[in-house]
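Student: From just these sequences and the hints, can you work out the full model?
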Amino acid sequence: MQEIDEDATITQLAFAWVNMALGKDKLKDVFYAYQEMIDKYGATPLLLVAQSSSLIQQQKYQEAEKLLLEALQRDANNAEAIINLIVVSQYLGKAPEVS
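So the sequence shown is numbered by my numbering: it starts at -19 and just counts up by one.
You may find that some hints are simply not true.
[Said to hold, decoys possible] Taking lysine-lysine pairs in the DSSO-like style, the calculated list, with each CA pair at most 30 angstroms apart, reads:
id, residue 1, residue 2
1, K20, K46
2, K8, K46
3, K46, K4
4, K40, K4
Hint data in this document are derived by calculation from the structure and do not stem from the laboratory.
Tutor: Next up, the structure:
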């Protein structure tokens, strides 16, 4: 059987996905796993949105909002960032803005 390379990106992603599903105590580990990938590969919209999802599950909505706004600065058409930002805005009680 092959050994698992814990530093491999695919292993880190799988770790983050599984721990996101487990929730609760594992969510901090998810946040830091994505942070390590951001430090290694740069802050892509995909990683920022994924990291914000762990914050949303921890009910850290203001921190999640900052990451989502950064993701939208990098890609204004990122659907996941837009959807998550709408959700976060609802949790923060922000009024809908039409522009």
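Student: Each of the hints needs a verdict: does it hold here or not?
Tutor: How the hints compare with the structure:
Among the hinted pairs, K20 with K46 is consistent with the structure: their alpha-carbon atoms are about 20 angstroms apart, no more than 30 angstroms. Of the supplied pair hints, the one linking K8 and K46 holds, its CA atoms being roughly 17 angstroms apart against a limit of 30 angstroms. In summary, the hint linking K46 to K4 is supported, as the alpha carbons are separated by about 22 angstroms, within the 30 angstroms threshold. Only pairs whose Cα atoms come within 30 angstroms are accepted, and K40 paired with K4 is accepted, the gap being roughly 13 angstroms.
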